[in-house]
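**Student:** The primary structure of each chain is shown beneath.
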Amino acid sequence: MVQIDQIFQTLHMIDEEKLDVRTITMGISLFNCVCDDSRRLAARVYSRIAKQAENLVKVGEELEREFGVLIVNKRISVTPVSLITGAVNDPLPIARALDRAAHETGVDFIGGYSALVQKGMTEADKRLILSIPQALSETDLLCSSVNVASTRAGIDMDAIRLCGESIKTLAEKTKAKDGLGCAKLVIFANAVEDNPFMAGAFHGPGEGDCAVSVGVSGPGVVKRALEAVRGEPFDVVAETIKKTAFRVTRVGQLIAMEASKRLDVPFGIVDLSLAPTPAVGDSVAHILEEMGLEKCGTHGSTAALALLNDAVKKGGVMATSRVGGLSGAFIPLSEDIGMIEAAACGALTLDKLEAMTCVCSVGLDMIAIPGDTSAATISAIIADEAAIGVINNKTTAVRVIPAPGKKVGDFVEFGGLLGRAPVIPVHPFSSDTFIARGGHIPAPLHSLRN
Amino acid sequence: MTAISKAVVTVIGFDRKGIIARVSNVLYEGGINILEISQTIVDGFFNMLMIVDLSEPTCSFDELQDRLNQLGTEVGVQIRIQKSEIFEAMHQI
Chain A
1 MVQIDQIFQT LHMIDEEKLD VRTITMGISL FNCVCDDSRR LAARVYSRIA KQAENLVKVG
61 EELEREFGVL IVNKRISVTP VSLITGAVND PLPIARALDR AAHETGVDFI GGYSALVQKG
121 MTEADKRLIL SIPQALSETD LLCSSVNVAS TRAGIDMDAI RLCGESIKTL AEKTKAKDGL
181 GCAKLVIFAN AVEDNPFMAG AFHGPGEGDC AVSVGVSGPG VVKRALEAVR GEPFDVVAET
241 IKKTAFRVTR VGQLIAMEAS KRLDVPFGIV DLSLAPTPAV GDSVAHILEE MGLEKCGTHG
301 STAALALLND AVKKGGVMAT SRVGGLSGAF IPLSEDIGMI EAAACGALTL DKLEAMTCVC
361 SVGLDMIAIP GDTSAATISA IIADEAAIGV INNKTTAVRV IPAPGKKVGD FVEFGGLLGR
421 APVIPVHPFS SDTFIARGGH IPAPLHSLRN
Chain B
1001 MTAISKAVVT VIGFDRKGII ARVSNVLYEG GINILEISQT IVDGFFNMLM IVDLSEPTCS
1061 FDELQDRLNQ LGTEVGVQIR IQKSEIFEAM HQI
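Just so you know, the sequences run in chain order A and B. Numbering follows the numbering used here, with no gaps: position 272 of the first sequence is 272. Count along the second sequence starting at 1, add 1000, and that's the number in the numbering used here.
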């Protein structure tokens, strides 16, 4: 049995340092629903999910009570919808069916209104991308993603142009809520098939019928651990983060194994993540500042984040039997109080954030930009981010919100876990002609690895 | 060998008469055996930790948790019961 001081240490992590399990996500394959009648397909999708996930929330709440640790979200991810709508003309009925199934099962979000178009778009992919603004503006819990690039396939610039336009339309359609719809859409490079985090979760085509995965969280725990080693060299910082990440991940592994057993569904993966929330004491930016930076975003931030991201993985990897997802430190601007403060005072800019995405778990995340930013500029931001992912063989993504009617310095309020963000500037010079070219940026030389 | 199912009960709040007695009584009524108790009082602040055996309960875990919560509200302290696996997972390899 563990020591009494260790029990108090755990309780302190849960109570004071906001240790929680961010999400239990059930991945559900929809391939067995496929048919060529839109209404029947929607009905099958709905009943498949409603049945498979009927106990997900109940089991999640049971685990919370028994182990005394908060499980913030229960979520569902499904097969990318463009892969099951090849024989129907309109994917929107499926969007509605997914949203209804999410409401029925009581989950917080459902992800997978997605298309994988890194090499090229099928007609179904195109239809899906064009329908995203309508789908996300008329549903509550549905999340969407598009994979536009991969190290193996290169960058699909036609898809990136369409995605930029979809983001603009989506912002307009949800302007009453400051463009909130865009918070539910992620444009990926090198997307992973087993990511439990939203908005980019989908159940990849290489996955089995169903799996349950867990994403952990604990920036506050890491920050507190680092407070105890102030002034020590970076070797000590890295070791301290590793030990802390190990403990946090063990909680994720325990919850994942129990959830898998009780739901009678195979265990998928644990995502070794540090996911912030807008709450005080739950910030990744504050960890970087604890390492000695006056404000997140100043010189040294990329190095600090690289160390953090690497140490989280090294500490977490031994704590779980199956690692997956995005695994690393997230830097979503509006969801991190330290990032919000840093951006509001000008310490953290879009260019610095782009640099930081070279070494964090994903990419440009939850960033509010001026409402008059053009679709081509958004596409160019996506292309830059995709290039970083493709060349560095990592997942990158863009989730930006061109907040309608808002200018630099205004604040956008999303509420809840999505937080609030200051609108930060983009470059004023045009990328229109660049994006208008379309076509495909070839895969890099190092894609030829066979 | 059958694995013993254990839980950790923590009680935190201002000290007053009979806290241990009343918590123990709820546990006794639930068929729960107390394996270990540790208690400290600093500046009138009461901090108790019990390790208990859940292998022969006469009520469900949820029911036991409800009863302890109710007692906590009556006495004005925070009482928590958590299965011990979370502590073991975090501190043991």
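Check the hints yourself; a few may be wrong.
Said to hold, decoys possible - Once the Cα atoms are required to be at most 27 Å apart in a straight line, the calculated DSS-like pairs of lysine-lysine come out as: (1) Lys-261(A) - Lys-1083(B); (2) Lys-1017(B) - Lys-261(A); (3) Lys-1017(B) - Lys-243(A); (4) Lys-177(A) - Lys-242(A).
Claimed, not checked - Example chain A residues on the side facing chain B (calculated, C-beta under 7 Å, incomplete): (5) Phe-67; (6) Lys-173; (7) Leu-254; (8) Met-257; (9) Lys-261.
As the list claims (entries may be wrong) - For the chain B half of the interface with chain A, some residues (derived, Cβ under 10 Å), not all of them: (10) Thr-1010; (11) Asn-1033; (12) Ile-1034; (13) Ile-1041; (14) Val-1042; (15) Gly-1044; (16) Asn-1047; (17) Phe-1087; (18) Glu-1088.
Hints listed in this document are in silico derivations from the structure and should not be mistaken for laboratory results. The beta carbon of each residue, even a glycine, is placed where N, CA and C say it ideally should be.
**Student:** Work down the list of hints and note, for each, if the structure agrees.
**Tutor:** Checked hints:
For the suggested pair Lys-261(A) and Lys-1083(B), the alpha carbons sit about 16 Å apart, so the restraint of at most 27 Å is met. In summary, the hint linking Lys-1017(B) to Lys-261(A) is not supported, as the alpha carbons are separated by about 43 Å, beyond the 27 Å threshold. Under the criterion of a C-alpha separation no larger than 27 Å, the hint pairing Lys-1017(B) with Lys-243(A) is inconsistent with the structure, at around 41 Å. This hinted pair does not check out: Lys-177(A) and Lys-242(A) have alpha carbons roughly 40 Å apart, beyond 27 Å.
Among the interface hints, the one on Phe-67(A) holds; its C-beta lies about 4 Å from the nearest C-beta in chain B, closer than the 7 Å criterion. Because the beta carbon of Lys-173(A) sits about 44 Å from the nearest beta carbon in chain B, more than 7 Å, this interface hint is broken. Using the Cβ-Cβ criterion of 7 Å, the hint placing Leu-254(A) at the interface with chain B is satisfied: the shortest such distance is roughly 4 Å. Below 7 Å, beta-carbon pairs count as interface contacts, and Met-257(A) has none with chain B, the closest being about 9 Å; its hint is therefore violated.
With 7 Å as the threshold, the beta carbon of Lys-261(A) stays out of range of chain B, its nearest partner Cβ sitting at about 12 Å, so the hint is violated. For Thr-1010(B), the interface hint holds, the least distance from its beta-carbon to any beta-carbon of chain A being 6 Å, beneath 10 Å. The beta carbon of Asn-1033(B) is not positioned within 10 Å of any beta carbon in chain A (closest approach about 14 Å), and the interface hint is therefore violated. Hint status for Ile-1034(B): violated, given a least beta-carbon distance of 13 Å to chain A, over 10 Å.
Hint on Ile-1041(B) is violated. Least Cβ distance to chain A is approximately 15 Å, over the 10 Å limit. Taken as an interface hint, Val-1042(B) does not check out: its beta carbon lies about 13 Å from the nearest beta carbon of chain A, beyond 10 Å. Interface hint status for Gly-1044(B): violated, as the beta-carbon distance to the closest one in chain A is roughly 19 Å, over 10 Å. The closest approach between the C-beta of Asn-1047(B) and any C-beta of chain A is roughly 8 Å, which is under the 10 Å cut-off, so the hint is satisfied.
Taking 10 Å as the C-beta cut-off, the interface hint given for Phe-1087(B) holds, the closest approach to chain A being about 5 Å. The interface hint given for Glu-1088(B) is met, as the beta carbon of that residue sits about 6 Å from the closest beta carbon of chain A, less than 10 Å.
Comparing the model with each numbered hint stated earlier shows that hints 2, 3, 4, 6, 8, 9, 11, 12, 13, 14 and 15 do not hold.
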